[in-house]
Amino acid sequence: MEAAIALTIGIVFGSGVWLVLRPRTFQVITGLLLMSYAVNLFIFVMGRLWIDQPPLTLAPGTPDPMLHADPLSQALVLTAIVIGFATTALYLVMMIGARGLTGTDHVDAEEDDDE
Amino acid sequence: MLLPVLLILPFACSVIAACMPASARNREAWLAGVMSFAALLGVVSLFPRISAGEVVRYDAAWMPAYGLDFVLRIDGLAWLFMVLVLGIGLLVVLYARYYMSPEDPVPRFFSFLLAFMGAMLGIVMSGNLVQLVVFWELTSITSFLLIGYWHHRADARRGARMAFTVTASGGLCLFAGVIILGRIVGSYDLDVVIAAGERVREHALYFPALVLIVLGALTKSAQFPFHFWLPHAMAAPTPVSAYLHSATMVKAGIFLLMRLWPVLSGTEEWTWIVAGAGVCTLLIGSFAAIFQHDIKGLLAYSTISHLGLITVLLGIGTPLAMVAAIFHTVNHATFKASLFMAAGIIDHETGSRDMRILRGLGRSMPITATLAIVASAAMAGVPLLNGFLSKEMFFAETLLVGGDTNWWMSVAALVMGIFSVTYSLRFINVFFGRRQVELPRQPHEPPRWMRFPVELLVLLCLIVGVLPGFSVERILHSAVSSVLGAQTPDYDLAVWHGFNIPLLMSVAALVGGMLFYRLLRRRFNPDLRDNVPLIHRFSGAQAYENVMSGLSVSADFLLGLFGTTRLQPQILCMIAAMAAVIAVLGLPSSRHLADPFANLDPLFALLLAIGCICAVAAAWQAKYHRLAALALLGGTGIVVSVVFLWLSAPDLALTQLMVETVTTVLLLLGLRWLPPRITPRELAIEVPRRVWLRRSRDLLLAVLGGGLMAGMTYAVMQRPAIDTISDFFLLHAQSEGGGTNAVNVLLVDFRGFDTLGEITVLAAVALTVYALLRRFRPASESLTQPEQQTNPVDPAIRQTPDRQAASGYLMVPGVYLRLLLPFMLMFAAYFFLRGHNLPGGGFVAGLIFAVAVILQYMLSGAIWVEAHLNLRPFRWLGAGLIAACVTGLGAWVFGYPFLTSHALHLSLPVLGQLHLPSAFFFDLGVFAVVVGSTMLILIALAHQSIRSHRQPGKNADAEQNTQEAS
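Taken in order, these protein sequences are the chains called A and B. So in this note's numbering, spot 99 of the first sequence is number 99, and the numbers just go up one at a time. So in this note's numbering, spot 389 of the second sequence is number 504, and the numbers just go up one at a time.
If we strip away everything but chain A, and leave its shape as in the complex, we get (with noise of 0.2 Å):
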């Protein structure tokens, strides 16, 4: 199970890095949401794996710990899944903006870079 998640958290985060060192504007916002999905994912299982125990504390008197998933991670990739959405738009823009400027969606607007 451990091994799976991490292996996929590999492999995700492995195209991610690609993308972003390619050099179109597309590919490279494409690669952040990627590796924003690992990372997203790296974070949340360092609270560990727990199936079928949300952290609700519904049943009366004073929870278990030892029976609920870890809240800490889960609220820290939820804020990070809304502000991961803001900074992409805020890459979208600025990555239209700058092919409206240089005329190419060129990372560093170099047209002659043919790859």
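Hints are computed from structural coordinates only; laboratory data are not their basis. Treat the hints with care, as some may be off.
Claimed, not checked - Cut-off 20 Å, straight-line C-alpha distance, at most; resulting in silico cross-link-like pairs (SDA-like, lysine to any residue):
{"#": "1", "chain 1": "B", "residue 1": "Lys738", "chain 2": "B", "residue 2": "Leu816"}
{"#": "2", "chain 1": "B", "residue 1": "Lys738", "chain 2": "B", "residue 2": "Gln683"}
{"#": "3", "chain 1": "B", "residue 1": "Lys738", "chain 2": "B", "residue 2": "Arg796"}
{"#": "4", "chain 1": "B", "residue 1": "Lys738", "chain 2": "B", "residue 2": "Val806"}
{"#": "5", "chain 1": "B", "residue 1": "Lys738", "chain 2": "B", "residue 2": "Leu666"}
{"#": "6", "chain 1": "B", "residue 1": "Lys738", "chain 2": "B", "residue 2": "Leu721"}
{"#": "7", "chain 1": "B", "residue 1": "Lys738", "chain 2": "A", "residue 2": "Glu2"}
{"#": "8", "chain 1": "B", "residue 1": "Lys738", "chain 2": "A", "residue 2": "Pro23"}
{"#": "9", "chain 1": "B", "residue 1": "Lys738", "chain 2": "A", "residue 2": "Val107"}
{"#": "10", "chain 1": "B", "residue 1": "Lys738", "chain 2": "B", "residue 2": "Ile728"}
{"#": "11", "chain 1": "B", "residue 1": "Lys738", "chain 2": "A", "residue 2": "Leu32"}
{"#": "12", "chain 1": "B", "residue 1": "Lys738", "chain 2": "B", "residue 2": "Arg810"}
{"#": "13", "chain 1": "B", "residue 1": "Lys738", "chain 2": "A", "residue 2": "Glu110"}
{"#": "14", "chain 1": "B", "residue 1": "Lys738", "chain 2": "B", "residue 2": "Arg805"}
{"#": "15", "chain 1": "B", "residue 1": "Lys738", "chain 2": "B", "residue 2": "Ile650"}
{"#": "16", "chain 1": "B", "residue 1": "Lys738", "chain 2": "A", "residue 2": "Ala109"}
{"#": "17", "chain 1": "B", "residue 1": "Lys738", "chain 2": "B", "residue 2": "Leu783"}
{"#": "18", "chain 1": "B", "residue 1": "Lys738", "chain 2": "B", "residue 2": "Trp807"}
{"#": "19", "chain 1": "B", "residue 1": "Lys738", "chain 2": "A", "residue 2": "Thr104"}
{"#": "20", "chain 1": "B", "residue 1": "Lys738", "chain 2": "B", "residue 2": "Leu808"}
{"#": "21", "chain 1": "B", "residue 1": "Lys738", "chain 2": "A", "residue 2": "Asp108"}
{"#": "22", "chain 1": "B", "residue 1": "Lys738", "chain 2": "A", "residue 2": "Gly97"}
{"#": "23", "chain 1": "B", "residue 1": "Lys738", "chain 2": "B", "residue 2": "Thr779"}
{"#": "24", "chain 1": "B", "residue 1": "Lys738", "chain 2": "B", "residue 2": "Phe653"}
As the list claims (entries may be wrong) - Label-pair restraints from in silico Cβ distances:
{"#": "25", "chain 1": "B", "residue 1": "Ala886", "chain 2": "A", "residue 2": "Glu110", "range": "26 to 36 Å"}
{"#": "26", "chain 1": "B", "residue 1": "Ala692", "chain 2": "A", "residue 2": "Met94", "range": "15 to 25 Å"}
{"#": "27", "chain 1": "A", "residue 1": "Leu101", "chain 2": "B", "residue 2": "Ala691", "range": "28 to 38 Å"}
Note that the structure is a prediction, hence the values are computed from the model and not measured. Positions of the beta carbon are idealized from the N, C-alpha and C atoms, including for glycine.
Since the structure of chain A is already known, use the hints to place chain B on it.
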């Protein structure tokens, strides 16, 4: 209560003056004058208490955890300096009223001047060393602004920069020194530090503390080798020079040395460093002053030498020397301020300050001439003037400390006395003789009130000089005894002490100075020399410029070596560095590899496999098939969402799902503005070898990065979870947060302050996106309608987009979604309301709400939606932030810290029992900000497509008509 008022008043008036209109020269001067006068009265009213030996104190808690209090204290020394700062400040304000021309931005001048005055008062009143350093740096900043007041002039900018660099670096040294001193003593409170003098001097860290603190004082007081900034600061308006260089700025260093004299002095190191710097300074300053052509330059160097004199006295370290130092500080402030003002009058009324062309001014401005001559006589140390008294004390002290054998200090003192007579003569020479050159303006007497400050100060010089016992004795005594305490010596301020060696030295200096001046006129006429003989090669200013240009050249060199403006190398470096960090930190711990795929559900494995395949495929397709890559990206996103759900994180799953939706819409809106790209295979282009190499490198890095990330994740998960604060949140979510959903309670209650910060960032990003899009200029080939929308195969191209939505193929789904809108909003409300106890909350609900509205935009078109729904994203943003802040501030009303939550139990008539935590309103704010920012971003982006259809010069109606006609 008087003390904090005295401190705050100048700063408050500074703000008021800054807000006044530029033409209100009189009003600003009145404001500054009345404020200085009132503060001066307040300070003077304290004198009976101060002279009785009382220390007036005001304490306020600042950082109690670190033992730092905000302390204001006035003792005799501080009182004396406050009178100087406020009294001379008042006169400078009056003078500046007439000096400043109506074209100058006067509000700025008075604002800076008052802020500077406040900072100076802060230094002298500080009863805490750290606080003193804060005000110290504040004087550096405000004096920078004052010196650079005429910022259109290059010399003003240069002088201001130089003064700031030198004094602020000294301030940093002082800060370090003060921290060492505080560590030695164990407290930063001035009274405690002063009482611990013995312990400090014996401590191993005494020497570094001494050097650092003295560096701060020497840079501020323009002592050798840092004296070079002061002449360049003369580019300031003359009232500023009169203020900064007589009574305030440069005296701050002297003040600090006096203040810490009981702690630091009395050792050999102290005497060598302080007195050594002072002797060099007084000789260099007085010698260089003789050879200046600019009156202000002469006064600047003379200031340097007089400060050197005071520094020597402090360095000597005997109690009587301290008396002389304080006395000379006061005397120097009075005569130097009046001389600077006289120089300003000459400049103002003749248009020149060049002593080579100014002659015979005594005829055209007799009163000013008389005043200036008396003041310079005080500067030269002529009997019956105040300068004579303190200078004689100086001579006596140098004799005393040198004794019979070590006479070099007495010689230096005598030489300095001779030089100061010489430069005083050179200065008053402008009033005698006959004018040979036509001056820019016909000289005449200044306005009555412009001369008044000079008159008053010269009168003070005379009174102190003739009747010292009557005029200053008590003030001086209270200042001296506040520094020296039990060591206060007996001294006599009488004019006549009988025939003795100091008197002989004074006479020798006067006669020698006159002879030296005649000699200079005959042999080396200073008017004909362009530089200072002997020492002009050792220019501190040149060394400063060399250091500065060296710094900027090496910074440029390093930037060229290590910096780049290109994104690709930066990303490459970041990724490589990150991989290296993981490799170093993460891998050594991953030894344990027992049965890695235990209890893996096949369905879950399939799910993960789909996510991985989607990610790899997206990476593969992102260059030539953007839409496909986007769809694949969404696939990975959905898988991530399901993984969250599977692993007991329903809140995350919901949020991820909604964010996935809006992100996809966002990227779809962006696709339209990107250039079309055709694969090289279709164009039959060979991919060069270089590119293949690059790709191989990137692939290697990607595999490496991914592998390391996987390894690190696995390594961490193999270890048992450590105890974190998470248990606290679970245990107290219900009992103290009033909700069973620990994640939501954590976000809106326990860590509400973080969430407040986060929604602020969200709002800021949304506004930034909006602002960037307002200036958006698309590439010219993206301006026309996209190829896909003009393909004749599609029958829909015969209709405009809004008609497609109203009556075309989009009508049915549009109507259907319109029907669904209330249900979707209901869902949002549902998820919002249950959020505190079950999965949901402001973030999720806001996203659902935004998606509901965006769907309407997609199917009915922006024009239709905006005609029927009045959405104002800005108001959502503003209302949300206000709701969150007000909820936080509400806790203050009840005397709790910001964002303390409270749960309210209400019994309402129809609804029955209602549990209403204050976090509910905070969550409402989160909800509104998420709705507002999401809609603002997406709608702003969507509007670009509508905008670009418009041809320039035509309005929207005309455009619709032409489209319909075609």
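Tested hints:
1. Lys738(B) / Leu816(B): Status holds; Cα separation ~19 Å.
2. Lys738(B) / Gln683(B): At roughly 16 Å apart (the allowed maximum being 20 Å), Gln683(B) and Lys738(B) satisfy the hint.
3. Lys738(B) / Arg796(B): OK: Lys738(B) and Arg796(B) at ~13 Å, within 20 Å.
4. Lys738(B) / Val806(B): holds (15 Å)
5. Lys738(B) / Leu666(B): Measuring from Cα to Cα gives roughly 44 Å; hence the hint is violated.
6. Lys738(B) / Leu721(B): Given that 20 Å is the threshold and the Cα spacing comes to 27 Å, the pair is violated.
7. Lys738(B) / Glu2(A): Violated, because 33 Å separates the two Cα atoms, which is more than 20 Å.
8. Lys738(B) / Pro23(A): Since the Cα atoms of Lys738(B) and Pro23(A) sit roughly 9 Å apart, the hinted pair holds (cutoff 20 Å).
9. Lys738(B) / Val107(A): Since the Cα atoms of Lys738(B) and Val107(A) sit roughly 13 Å apart, the hinted pair holds (cutoff 20 Å).
10. Lys738(B) / Ile728(B): holds (17 Å)
11. Lys738(B) / Leu32(A): Distance ~14 Å between Lys738(B) and Leu32(A) Cα, so the pair holds.
12. Lys738(B) / Arg810(B): holds (13 Å)
13. Lys738(B) / Glu110(A): holds (16 Å)
14. Lys738(B) / Arg805(B): Holds. Lys738(B) to Arg805(B) sits at ~18 Å (cutoff 20 Å).
15. Lys738(B) / Ile650(B): The given pair, whose Cα atoms are some 70 Å apart, is violated under the 20 Å limit.
16. Lys738(B) / Ala109(A): Since the Cα atoms of Lys738(B) and Ala109(A) sit roughly 16 Å apart, the hinted pair holds (cutoff 20 Å).
17. Lys738(B) / Leu783(B): Given that 20 Å is the threshold and the Cα spacing comes to 15 Å, the pair holds.
18. Lys738(B) / Trp807(B): With Cα atoms ~15 Å apart, Lys738(B) and Trp807(B) stay inside 20 Å; holds.
19. Lys738(B) / Thr104(A): The hint holds at about 14 Å.
20. Lys738(B) / Leu808(B): holds (18 Å)
21. Lys738(B) / Asp108(A): Holds - the C-alpha atoms of Asp108(A) and Lys738(B) are around 16 Å apart, at most 20 Å.
22. Lys738(B) / Gly97(A): holds (19 Å)
23. Lys738(B) / Thr779(B): Given pair Lys738(B), Thr779(B) holds - Cα atoms ~17 Å apart, limit 20 Å.
24. Lys738(B) / Phe653(B): violated (64 Å)
25. Ala886(B) / Glu110(A): 26 to 36 Å: holds (28 Å)
26. Ala692(B) / Met94(A): 15 to 25 Å: For Met94(A) against Ala692(B), whose Cβ atoms are near 23 Å apart, the range 15 to 25 Å holds.
27. Leu101(A) / Ala691(B): 28 to 38 Å: holds (30 Å)
When each numbered hint is compared with the structure, violations occur for hints 5, 6, 7, 15, 24.
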